[in-house]
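Order-wise, the sequence lines are chains A and B.
Heads up: take any position in the first sequence, counting from 1, add 117, and you land on this note's numbering.
Heads up: take any position in the second sequence, counting from 1, add 701, and you land on this note's numbering.
Don't read these hints as lab results, they were simulated from the structure.
Please note that a few of the clues may not be correct.
[Said to hold, decoys possible] In silico contact screen, one side only, chain B against chain A (beta carbon under 7 Å); selected entries:
| hint | residue |
| --- | --- |
| 1 | Ile784 |
| 2 | Phe787 |
| 3 | Thr788 |
| 4 | Val803 |
| 5 | Ala810 |
| 6 | Arg823 |
| 7 | His860 |
| 8 | Pro863 |
| 9 | Arg884 |
The C-beta atom is built at its ideal place from N, Cα and C for all residues, glycine as well.
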Amino acid sequence: MSERAKGLSRQQMCNRLAMEFGDGWIVNLGIGIPTLCSNFDFGDKEIIFHSENGVIGYGPLAATGKEDLHLVNAGGQHVTLRPGAAIVHHADSFALIRAGRLDATVLGAYEVAENGDFANWKLAGQQGGGIGGAMDLAACAKLYLSRWSIRRAMASRGSSSAARSRRRHAVWLTWSSPISGCSRSQGRVSLCVRSLPVSRSTKSRRLPAAI
Amino acid sequence: MGAKSKVCASFDDAVRDIPDGATIGFGGFAVVGMPINLYQAVANQGAKNLTCVSNSTRGGATLPADAPDMGWLIRNGQIKKVICAFTAPTRASQRLVLTEYVAKGLIEAELTPQGTLAERMRAAGAGIPAFYTPAAVGTELAERRETRFFNGREYLLEHALPLDYACIRAYQADASGNLRFRRSQRNFNPIMAMAARVTVVEVEEDILPVGAIDPDDVHTPGIFVHRLVKIPPAPEGWWPQRPGSVGS
Chain A
118 MSERAKGLSR
128 QQMCNRLAME
138 FGDGWIVNLG
148 IGIPTLCSNF
158 DFGDKEIIFH
168 SENGVIGYGP
178 LAATGKEDLH
188 LVNAGGQHVT
198 LRPGAAIVHH
208 ADSFALIRAG
218 RLDATVLGAY
228 EVAENGDFAN
238 WKLAGQQGGG
248 IGGAMDLAAC
258 AKLYLSRWSI
268 RRAMASRGSS
278 SAARSRRRHA
288 VWLTWSSPIS
298 GCSRSQGRVS
308 LCVRSLPVSR
318 STKSRRLPAA
328 I
Chain B
702 MGAKSKVCAS
712 FDDAVRDIPD
722 GATIGFGGFA
732 VVGMPINLYQ
742 AVANQGAKNL
752 TCVSNSTRGG
762 ATLPADAPDM
772 GWLIRNGQIK
782 KVICAFTAPT
792 RASQRLVLTE
802 YVAKGLIEAE
812 LTPQGTLAER
822 MRAAGAGIPA
832 FYTPAAVGTE
842 LAERRETRFF
852 NGREYLLEHA
862 LPLDYACIRA
872 YQADASGNLR
882 FRRSQRNFNP
892 IMAMAARVTV
902 VEVEEDILPV
912 GAIDPDDVHT
922 PGIFVHRLVK
932 IPPAPEGWWP
942 QRPGSVGS
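With the hints as constraints, model all of the structure from the sequences given.
Structure (structure tokens):
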């Protein structure tokens, strides 16, 4: 039986992360699995989801046939707006990111280091890369939540160079030198969810006491 | 209006004077606000040695399968350099035209964090030559580049990115060039308009008489806009397609 079969589904990974969000938080969701967090039922909690393309206050994915072609999240998926939503342009969207207005950001990663750096934008041997907003987000959110999907990434298309040399290690890896496709979070990674059970970072002291 | 009309009869007219070697910004994020018709017009026009700035070089799931994107201009041999936040596919199943041309050494690709890309153009439009940002500090993107500490934190120097032309898409325009965008269509479009010497806009709704947009509701003032073209209905004009009606 494959390890993936025993692990969490994509939505389950996001549900686990979403449980950490506090009432009133402004949370950025990155492209890929993280965008599924906005589908979680938060009950009485009010979460303001931010997307890098300038959408503040979006909700679940739009139902099939009800998509607004002018409205997408970071992954290009058609989403719905929540009451009180607002739209800004890209420079203002990243202004609020860099100014530390986000309470948390959820990003996909191939691999996460113990110190909070993570490999997320380039695979070994690849030309170019896909940084998107990750470097701005990693450097500036108060709290960074990651999903760890190296197993899925390796199965589908090889691995990042860092991952390849450390693929046998457990979820928390330690290295101090720059790796290929690295984004520096400067110790902001606080919680890492992979398709197997949740691990907390050594930086979990950054989590608010309520969690 | 007294001034020369900004309304152009065709997309081809609107981009006719783009010279070889120009720097052009193409707005849009995941097809929303993407100037599909102006990509087509620039491809038709044929200017070469272009530097093209965009979030990425491909459209997305709602772009009609045969619609133009930056990949067309690359395949056409018109581009010498791209400046993007994505220069590689975001999925293993995707292939970028760019990858092949970069591998052959035909195109230079500058990879930039998305917020830095936006701010470089914002700075250009705001008369600011350079700025410091925390994004990319400590990564390979910052190697051999100037950094500086402020209040104990390290920041990377980034330079403004002025554009010769901005090709953007808006929801509404009046004949004086005042623009409104709808939902996440805004993205890079207003910033590129301010960063550019000449801004060309493809407009989704009929172009309104001057004054029809309340001044308080204008997203991009007409002083930043030079040419407007109304997008004709499909199939003459390019429009995003509903998800499910096209392959991703």
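We went through each hint and held it up to the structure:
1. Ile784: Interface hint status for Ile784(B): violated (12 Å vs cutoff 7 Å).
2. Phe787: Holds - the Cβ of Phe787(B) comes within 7 Å of chain A, reaching about 4 Å at its closest.
3. Thr788: 3 Å, holds
4. Val803: 5 Å, holds
5. Ala810: Hint on Ala810(B): holds, closest Cβ of chain A at ~5 Å, below 7 Å.
6. Arg823: Holds, because the Cβ-Cβ distance from Arg823(B) to chain A comes to roughly 4 Å (cut-off 7 Å).
7. His860: 15 Å, violated
8. Pro863: Where the cut-off is 7 Å and the nearest Cβ of chain A is about 15 Å from Pro863(B), the hint is violated.
9. Arg884: Nearest chain A Cβ about 4 Å off; hint holds.
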